[in-house]
Amino acid sequence: MSSNALKSGLQAGNKNGSTSLLKKKLRKFLNNKLALFGLVVVIIMTLGCVIGAIAGVDFKTPDIKNLKSAPSSLHIFGTDTIGRDLFSRVIYGGCFSIFIGVFCSVMSSIIGTVLGAISGYFGGKIDKFIIRISEIFQAFPQLVLVMMIVAIVGERGLKNLLVIFVITGWMTTYRMVRNEFLSVKGETYVKVSEAFGMSKSRIMFGQILPNVMSPIIVSTTTNVAFFILQEAALSFIGLGVADSTPTWGNILNAAKSVSVVTNQWWIWVFPGLAITLFVLAINFLGDGLRDVLDAKQQ
Amino acid sequence: MFKYIVKKILMMIPMLVLISMIVFFGLQLTGIDPINFMVSPEVLSANKDNVDALRESLGLNDPVIVQYFRWLGNCLKGDFGYSFDGASISSILAVRMPYTLELAGYSLVLSAILGIGIGILSAIRQNGVIDYVGRVLAVLGQAVPQFLLGIVLIQIFAIKLGWFPSGNRVSPDAASPFIDAVQHLFLPVLTLTIGMVAVLMRYTRNTMLDILNSDYIKTARSKGIPEWKVYLKHGFRNAMKPVLVIVVFRIPMLIGGSVVIESVFSYPGIGLTMTNAIVSGDYPVVLVTTLIVAAVMLVCSFMIDVFNALLDPRVRLSE
Amino acid sequence: MENKDIILDVKNLNTSFISDQKKVDIVKSVSFQLKRGTTLAVVGESGCGKSVTMNSIMRFLGNNAQITSDKIQYNALQGEKVVEYQIGAIKKANGPEMRALRGPELSMIFQDPMSSLNPVYKVGDQVAEGLLQHTKLSKKEARQKVLELFRKLGIPDPESRIDCYPHQFSGGMKQRVVIAIAMICNPELIICDEPTTALDVTIQAQIMELLKGLQVNEGKSIILITHNMGLVAEMADEICVMYMGRVVEFGSLEDLFDRTAHPYTKALLRSVPVLGLADDQQLETIPGITPNPADLKEGCEFANRCPDCSEECRKGKIPAFEISKGHRVRCLQYSNFPEVD
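As you go down the protein sequences, you meet chains S, G and Z in turn. Numbering-wise, UniProt numbering puts 260 at position 260 of the first sequence, and it's gapless, one number per residue. Numbering-wise, UniProt numbering puts 217 at position 217 of the second sequence, and it's gapless, one number per residue. Numbering-wise, UniProt numbering puts 188 at position 188 of the third sequence, and it's gapless, one number per residue.
Note that these hints are calculated values from the structure, not bench results. You can take every hint at face value.
Listed next, with one range per pair, are the computed distances between beta-carbon atoms: (1) S:Thr61 - G:Arg70: 52 to 58 Å; (2) G:Lys229 - Z:Glu45: 32 to 38 Å; (3) Z:Gln144 - G:Lys3: 31 to 37 Å; (4) S:Lys23 - Z:Pro291: 20 to 26 Å; (5) G:Lys3 - Z:Ser138: 33 to 39 Å; (6) G:Lys3 - S:Lys23: 53 to 59 Å; (7) S:Val258 - G:Ala87: 22 to 28 Å.
These figures come from a predicted structure and were not determined experimentally. Ideal placement from N, C-alpha and C gives every residue a C-beta, glycine not left out.
Please model the entire structure based on the sequences and the hints provided.
Below you can see the structure in the form of structure tokens.
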């Protein structure tokens with residue numbers, strides 16, 4: 001039997017039932033009102049921000065006549081401390097925040113998955129080595145690690161932030177995938193695939209990985225929210241992306257001043273609401289996906 | 001069991017050394033010359049010989065590796081060196097460390113009590129009022145950025161109502177140190193607690209629900225023992241291990257969170273010290289604070305292992 | 001028959017579960033009586049409601065279960081006096097009245113010994129817990145009792161084993177501990193929910209021997225849930241066959257094996273290998289699949305799989321008929337016999 005025939009043989013059982021199962025899962029997801037709400041909000045906010053940015057809203061030019069002006073017909077979210085239109089900044093900042101969230105979450109999931117697969121499947125020295133590395137990374141709270149790297153790099157650019165987030169964010173996925181691989185490795189179908197001489201990488205990514213996909217998808221989704229919050233916190237204390245690139249976090253940086261908090265509520269309420277709503281929606285979406293994908297709950 | 005703990009403690013030492021090396025050499029890479037911070041540029045150019053002598057006496061001309069071991073040796077003696085503005089780091093830590101420990105400690109204890117308590121209650125009365133309210137709070141608590149929550153709390157309780165100070169840790173004219181402490185700690189602790197409670201509550205609830213469905217709970221009921229014993233002795237005792245692990249696991253989050261929260265409330269702890277040091281490039285301070293945080297993390301993971309061992313006979317007896 | 005001879009009397013027990021706002025009936029008008037000092041085997045394929053029936057009686061079901069019954073009466077024999085307990089009328093599933101019964105009167109042995117023991121407590125303490133709850137014994141006295149019982153149940157070296165944790169026991173030993181938990185308060189009625197399914201064959205025989213010994217020597221009454229017909233033939237005095245939540249046939253061991261009446265029971269007996277039964281008999285499978293309890297039609301639940309099905313079988317409610325004393329069958333083939341409820 002060729003390995004292809006074997007593979008199709010192994011998966012035949014899944015394929016037949018998969019269309020109706022997919023439909024069932026889809027229906028279950030659509031029945032989950034919160035998850036649906038999350039999905040809709042995520043789509044609307046993302047589209048809104050992207051379209052706004054493409055349409056070229058002006059987020060840079062200060063309106064000198066209207067510094068710190070309250071929401072009005074001219075500036076529906078008001079203007080910030082140097083007179084820039086807050087609505088445009090929230091839209092434009094959304095693009096960057098969402099991009100940071102999605103990019104970092106996907107990249108760190110990929111790294112975590114690959115390392116976890118290698119670690120769990122091969123075991124032995126290479127496993128010990130990767131575990132040690134992840135433990136060292138874990139010994140720092142992520143925020144502190146990021147701050148340290150910012151101090152070393154000494155520059156607050158978007159690129160640096162992305163790299164730092166990815167380097168410091170892969171450990172949870174790594175541990176999850178590793179544990180899963182460790183437990184699945186001994187199962188008969190893996191042994192069978194090995195016995196038929198399937199290549200190691202095909203066993204790892206073709207045979208075992210699909211079993212771990214659901215938790216990876218769920219954690220990638222919720223990590224988007226995590227990274228957005230992380231960026232916001234970092235930007236808030238002044239170590240995130242430089243002010244010339246707006247994100248939801250560094251718009252909020254203005255709220256470090258007590259006078260802004262007291263007198264110009266719109267400067268922090270609107271970006272704050274944007275983050276909260278988006279993160280809430282992502283969390284609902286993630287929970288919904290978990291309910292649908294988690295085989296244990298069916 | 002004793003051997004197990006000793007082994008775990010011994011394993012922490014190489015980790016700490018490794019981390020200190022990473023931090024030390026990492027910061028060397030920044031290429032910051034401490035002399036530039038100690039001596040003003042005019043003096044620097046005027047007294048080149050003296051500066052060189054100073055450099056020599058500070059040991060800055062030695063190979064990096066020698067500098068590292070000297071620094072490490074000093075650290076072990078409790079001498080963490082000096083910040084760029086000339087203050088002894090040890091004395092900075094002596095003042096600020098307790099503040100952060102207060103903040104993080106109270107938040108941890110409070111959130112553990114609230115989170116675990118509410119979590120258990122919502123699992124026992126699944127779909128009841130507490131469960132419902134708890135779930136809504138958990139969702140919100142996880143979605144609102146912590147610093148934003150801090151800002152909102154300042155806005156409401158410090159500015160509008162004026163019940164609490166908006167920042168700092170001590171008032172110069174405080175009549176009673178205790179009331180002063182409570183007033184200054186209340187808002188930051190509350191901010192940190194809300195986020196933690198959200199996570200812990202959710203986790204405790206789900207763990208308890210899993211356990212309450214297990215067979216040995218039925219066995220316990222078949223003995224005719226009262227329900228509270230079923231829930232606490234048989235249910236929670238088994239949930240305790242994963243829940244405690246999560247509590248300890250959350251300490252990194254708590255420390256990360258307190259870095260931000262100290263900034264929001266201008267609370268003079270280690271976090272604020274660290275943030276300011278990073279912003280101003282004061283790398284001896286960054287070095288020491290990072291190392292302290294890493295050490296705390298290592299101690300936490302050590303505690304996780306020991307808890308695991310203490311609570312689970314399978315681990316406890318196998319060593 | 002008098003109360004004295006009947007230990008458990010169940011009349012018209014119905015259990016349904018609410019899931020996704022839909023009500024699904026799992027147990028439907030189940031009635032049976034258990035004679036004191038005998039063993040009743042409840043058989044049927046997986047999902048037929050046998051476990052749910054017993055868990056309904058013990059009140060172990062969650063909040064999403066609705067239990068109604070005309071009567072669930074437990075008769076305790078205290079000296080010469082009979083004390084009646086109306087389990088069906090007890091409101092709180094885990095309230096004090098129910099708890100007073102669990103342990104000293106009724107107890108249950110569960111299917112999977114691996115997960116029936118709490119992993120964090122010593123086995124001895126787990127066994128003693130019930131004893132300490134229901135008696136005024138000191139911890140030391142309770143320990144002596146546990147040791148005694150361990151010895152009786154054939155746990156080797158009980159003095160040291162009593163302080164071990166469940167993970168240090170093998171499956172068969174764990175099940176002995178589970179039995180000890182059930183036995184420690186000396187209950188009259190023991191419900192065994194597939195007590196040997198999770199164990200390997202040689203251990204199965206030992207455990208069954210143990211249970212049989214208890215019943216014979218100490219006059220305990222046992223309800224044995226199983227789908228192992230071999231065990232049934234060996235253990236049971238009476239048999240209750242369930243299909244889709246209903247009792248389809250009830251009678252003595254001889255009634256069921258020698259004068260099998262219901263088509264389902266016949267099919268069931270043909271589909272399992274039973275030692276000592278007709279040598280030339282072929283093993284068969286029951287055609288068709290078990291219907292989903294959520295979308296059942298009226299009439300006999302077995303109609304679609306029944307070789308003798310007629311038009312009548314798909315209409316209305318099928319009553320039970322008593323074809324000989326104590327032998328009841330829920331099948332229209334026997335409609336010339338007197339109807340019983």
